[in-house]
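A.B. asks: Required output: the full structure, derived from the provided sequences and hints.
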Amino acid sequence: MSWPTLGELALRVGGEVLGDTQLAIHDVAALHKAGPNEITFVGDDKHLRQLRSSAAGACLISRKHRGARPEGVTTALVFVDDPQDACLALARIFRPQTEPALIGISAKAHVSPTATIGSGCQIYPGAFIDDDVEIGRDCTLYPGVCVGSGCRIGDNCLLYPYAVLYPNVRLGHRVIVHASAVLGADGFGYRFRGGRFEKIPQLGWVEVADDCEIGACTTIDRGMLGATSIGEGTKLDNLIMIGHNCELGKHNAFASQVGLAGSVTTGDYVRCAGQVGVADHVHLGRGCTLGAKAGIHKSIPDGDTQIGYPARPEQEQLRIMMVTSKLPEMRKTLKDLESRVAELDRLVEQLTASAAES
Amino acid sequence: MSWPTLGELALRVGGEVLGDTQLAIHDVAALHKAGPNEITFVGDDKHLRQLRSSAAGACLISRKHRGARPEGVTTALVFVDDPQDACLALARIFRPQTEPALIGISAKAHVSPTATIGSGCQIYPGAFIDDDVEIGRDCTLYPGVCVGSGCRIGDNCLLYPYAVLYPNVRLGHRVIVHASAVLGADGFGYRFRGGRFEKIPQLGWVEVADDCEIGACTTIDRGMLGATSIGEGTKLDNLIMIGHNCELGKHNAFASQVGLAGSVTTGDYVRCAGQVGVADHVHLGRGCTLGAKAGIHKSIPDGDTQIGYPARPEQEQLRIMMVTSKLPEMRKTLKDLESRVAELDRLVEQLTASAAES
Amino acid sequence: MSWPTLGELALRVGGEVLGDTQLAIHDVAALHKAGPNEITFVGDDKHLRQLRSSAAGACLISRKHRGARPEGVTTALVFVDDPQDACLALARIFRPQTEPALIGISAKAHVSPTATIGSGCQIYPGAFIDDDVEIGRDCTLYPGVCVGSGCRIGDNCLLYPYAVLYPNVRLGHRVIVHASAVLGADGFGYRFRGGRFEKIPQLGWVEVADDCEIGACTTIDRGMLGATSIGEGTKLDNLIMIGHNCELGKHNAFASQVGLAGSVTTGDYVRCAGQVGVADHVHLGRGCTLGAKAGIHKSIPDGDTQIGYPARPEQEQLRIMMVTSKLPEMRKTLKDLESRVAELDRLVEQLTASAAES
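Chains as they are written, first to last, in the working numbering: chain A, 1 to 358; chain B, 1 to 358; chain C, 1 to 358.
It should be emphasised that the hints constitute simulated quantities derived from the structure, not laboratory data.
Values in this document were obtained by computation on a predicted structure and should not be read as measured data.
It is possible that some hints are incorrect.
Remember, identical chains collapse to one label, so a pair may be satisfied in a single copy or spanning two.
[Claimed, not checked] Keeping only pairs whose Cα atoms sit at most 35 angstroms apart, straight-line, the calculated DSBU-like set for lysine-lysine is:
(1) K326 / K298
(2) K46 / K108
(3) K199 / K298
(4) K33 / K298
(5) K326 / K199
(6) K326 / K108
C.D. replies: Next up, the structure:
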């Protein structure tokens, strides 16, 4: 294979080169890993400093830097509108993702005769599609995807190996479900009677709207009577728990290991960092942001940013954390003050006594 | 379909109607979601207030309210002994759960010739049952359930897709294991020798007693020498970790994402809220309750309620949390006091000096 | 079956008996569970006290105790070099692990004609091996293991049921992947444009070096451009999240439910206790240790031990936690001091006034 030159690659992404257009480029790589025959990108000005110490042969950078080479940077530069986009475009040249073969409906998949499957679907060996399922067009169900009876799946959905949909789960269009995610398992509902937990039947279902992505090993429990629902465009990372009866708004983004107890509701554009926990029946307001590991026990107003456990508004919590780090010193000061005040008490008593005498 | 009337439904659950018995009912729904042709329930008096603002056409409510219509409530009421039970009974009318077809032992399942399977079992395609397994009567193993060699499963168990039992796992009767739960993987045991972790063979097994339910993607590791055991009637939610050699008592209930390190023991009736973490060799006493995200480093006495990290008895922790929120103010007060005491020092010194002079 | 005597077992592990060599031994068991016909071990002197109250018939114990029977201990003793090793050796006598039958490549597995599989591999029914996969010698792939196109697997690897490798994942030699672990799912990468999250293609892969062990339901996301990598000998417990672009050093050990956001790097010999969370782009220095539930927002120096949230060096955090527990008392002291200082202010003012008068 002959390597493309920097000039050729720049052409592919409509960029202007500052540096050696004849440089042979062997791959794309991240800023801190790229070598002399690799091209990287700076997506954000705050990474410009790292570029100075990078060994990268070339770097895609925003067109706004054209003219003035950033100080201390010697790497060849390619000015483009969107460095990240451009880098991904080049990545596809070096590492073409092989389009999976069109296999249609594998004879080794189990498809119920009462299931309906749209045109253009790829159903891999070991997939299991139960009775009365309806699947739209151009969906891919990888090996072992299990679709329970009565499920509805829209068009262009992508279900990775061993994703499990219990009965009556509904997915919109362009939904991605990663490996071993479980949608529609029973909610954790019991009544405590006679010294034992008695199961409350979970008769509801799960609804995932268009353009959602559900991470690997994430679990979304079915509602007790109605739906547990995930709004349009919402993205859930891996190992997340969504309890029964939760209703998530549109375009939420939850990082991994977040846990929502039952009946939590959220507005649109809510963001949770990793390992956040939310108590049952809490509402997370539109556009609010919860910091990593935050523990939420009461509803969060629209647009608020809260962190910590128990969660508090960010500025307040940071102030408290700052003072907390000074606690040992404060305790010492407090003890000192106690002795000094005791000494003052003694002196003032003396003075008062002698004043009374005189 | 002609809709049933409120009067007809009331008859089905032995209820008395206060309101329009002719009202057509189309479905059951949760209190905050029910519309004018839906029936809901109030299971707990603390939700009575929400009923006033509900759009529900009708509501199942405890018979003890008979006679006096709760203030501000205009919804038609149906007085019953147990509103939640009644609502679930009606839910089954509107949304009958189709009994899965009896498929027997699918030819597409792999069943070892040395396995024994009781009468009435449903073994779905893709299930894998290894050598010397014994399964009782009337169990259902959904697609891809994997049962390792030497496992024992009692009667009436329900194993959802891709539940995995490593060799020698033992389930009692009426155990439910949800999708992608993993029972019997190796415990996390190593010896650090010569700069490397050397695996300690995990030769034990997992025992789950009667009437337990194990959530989706929950993992229970096998013991090193003996059993990791889950007591009768204990319920584990999704994404829980139970480390090797743990011994859980009866009728525990753990919410999702709880993690127990190795060799934890619990009494009966222990409750853990979500994301609780428990260090190794700790004992959780009978009837104790741990709040969400609690971090437990030492054993908890019987009946105690602890919260927070590090966990403390609830009242003590709440007091500390309350004071913590006032820390910035306390720090300011402390600094003020320091200056005031310094000023007092100065004044008292002056006074003492002039008293000495006079 | 005739039970072996203590004397016979001692011979097997090269031990010297202090006690009844004719005692029949029925099994090995943990210290607190062993009965009069069972043998246990004390691996660590701190468990010697528990031995006094143990009902065990016999106990393997370090040869250094030879001569002096530990005070209060009446159990028969077997002195050996390494009590844990000896106990595991005996465990294999009582509970021989049946070697799984050699099945070769099951006809019920799906193996692409373009895949290469080394000699001595066991491929179970339901395994799925896609195009251009290369697998080394003597690997075992249990039921339903899914290996995406272009994956590379070394020799002597062990993949448990439903372990999923997305395309282009690379495993070294002697790697163990437990059930339902997911390697190579898309990283959680989006750009927020026009009010929606737009997926950033994840074009990288996952690399796991020799001698790693990956726990059940653990997920390791693929890099965006390059590799997410796990260094040689590193052990990950269950339900762990490793975000995209992370690079873990050698011989790390992470307990269950740890979560690493994207682009975290670690040195060698890093240890994380359960439920630790690490923010993106943080570096965990060589040999550092993070306590259970620690929340890490900035890089940790080599060799440091940090605990808590936000994480701080252990000694500092313990001091802060100790003072925190005294906060309610400190607040009371502070209030007392305020009144006492106010009273002093009043008295000193009086004294100053009368001094001015006189």
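A.B. asks: Work down the list of hints and note, for each, if the structure agrees.
C.D. replies: Here is what the structure says about each hint:
{"no.": "1", "hint": "K326 / K298", "verdict": "both (28 angstroms within a copy, 19 angstroms between copies)"}
{"no.": "2", "hint": "K46 / K108", "verdict": "neither (52 angstroms within a copy, 54 angstroms between copies)"}
{"no.": "3", "hint": "K199 / K298", "verdict": "both (27 angstroms within a copy, 32 angstroms between copies)"}
{"no.": "4", "hint": "K33 / K298", "verdict": "between (44 angstroms within a copy, 21 angstroms between copies)"}
{"no.": "5", "hint": "K326 / K199", "verdict": "neither (49 angstroms within a copy, 43 angstroms between copies)"}
{"no.": "6", "hint": "K326 / K108", "verdict": "neither (65 angstroms within a copy, 65 angstroms between copies)"}
Hint compliance for this structure: hints 2, 5 and 6 are not met, and every other hint is.
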